[in-house]
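Peer 1: Sequence:
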Amino acid sequence: MADPHAWKPPDAGESAEGGPARAPNYAEYLKLPGLLSLQKPLAVPAVHDEMLFIIVHQTHELWFKQMLCELTLLVADMDAGRFASGCRTLSRLTKIVRLLSEHMSVLETMPGYEFQRFRAALGTASGLESEQFRRMERLAAALPAEGGLAPSPEAPSSSVRQAFLRGVAREHPGLLELFPKDEELDAIELGRALAGWFADPALASHRGLSQHLLDFDRQMVAWRHQHFELARQMIGGASGTGGSSGANYLRAVKDRRYFPELWPESG
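Per the numbering used here, residue 1 is the first one in the sequence shown, and the count goes up by one each step.
Computed spacing ranges between beta-carbons, pair by pair:
| id | residue 1 | residue 2 | range |
| --- | --- | --- | --- |
| 1 | ARG22 | GLU229 | 38 to 48 Å |
| 2 | GLU28 | VAL253 | 38 to 48 Å |
| 3 | ALA46 | TRP263 | 40 to 50 Å |
| 4 | SER91 | GLU229 | 19 to 29 Å |
I should point out that these hints are in silico values taken from the structure, not numbers from a laboratory. Cβ atoms here follow ideal geometry from the backbone N, Cα and C, with glycine treated the same way.
All chains should be built: construct the whole structure from the sequences, respecting the hints.
Peer 2: Written as structure tokens, this is what we have:
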């Protein structure tokens, strides 16, 4: 299996001399002419804050791309028992989400009436259509059928949550008994069991990893809350541009958790 740490960009090429390709300058390395041509406000007459709205959302998508890379690496490291590397990756992911919250704070400087001036230009476009975000949600927290643990220990995990629980199950096979076949997993019951097992010195590395997972999850919940508050500030109770219930939809999902079994019962 290829080393996930030996990553290189998919479009990396070679120079005419046969060595690694080298950019002639800063702008070419970062593809700045193309990157800076991607912000195209549509409102007529022009609205100053539309550029800000576009840049904040494009920046989110760039960071989602990086988060997908980090989550993919995290799954591979957890499956291989590289917990120290996994903790470093989770620290990076948590910092990225904090940065996304800072981007959102910049957007909060836009008054709601300014958003209304260019909202029609969005048509039916909505952040709910972000394919990268949907992939990120699945890669972080999805639990497949059959109780969420792959039948073969050699099969790679499909999500961070699955990889973590499989890692615990390798040390405490009793965890498998807590996964019902035909009903929803009881996260509270599982959380209580995990809290007891983590007292075992053999699970010290799992316990440390669980704290990093919880920190990342909490930061994601904080970002969702911020997104909800921003939407309420911009559109109040109006429907979202993509046909959703707008802020009401965000209210319903703002407390979604990737790893509910790791949260204290008090929340």
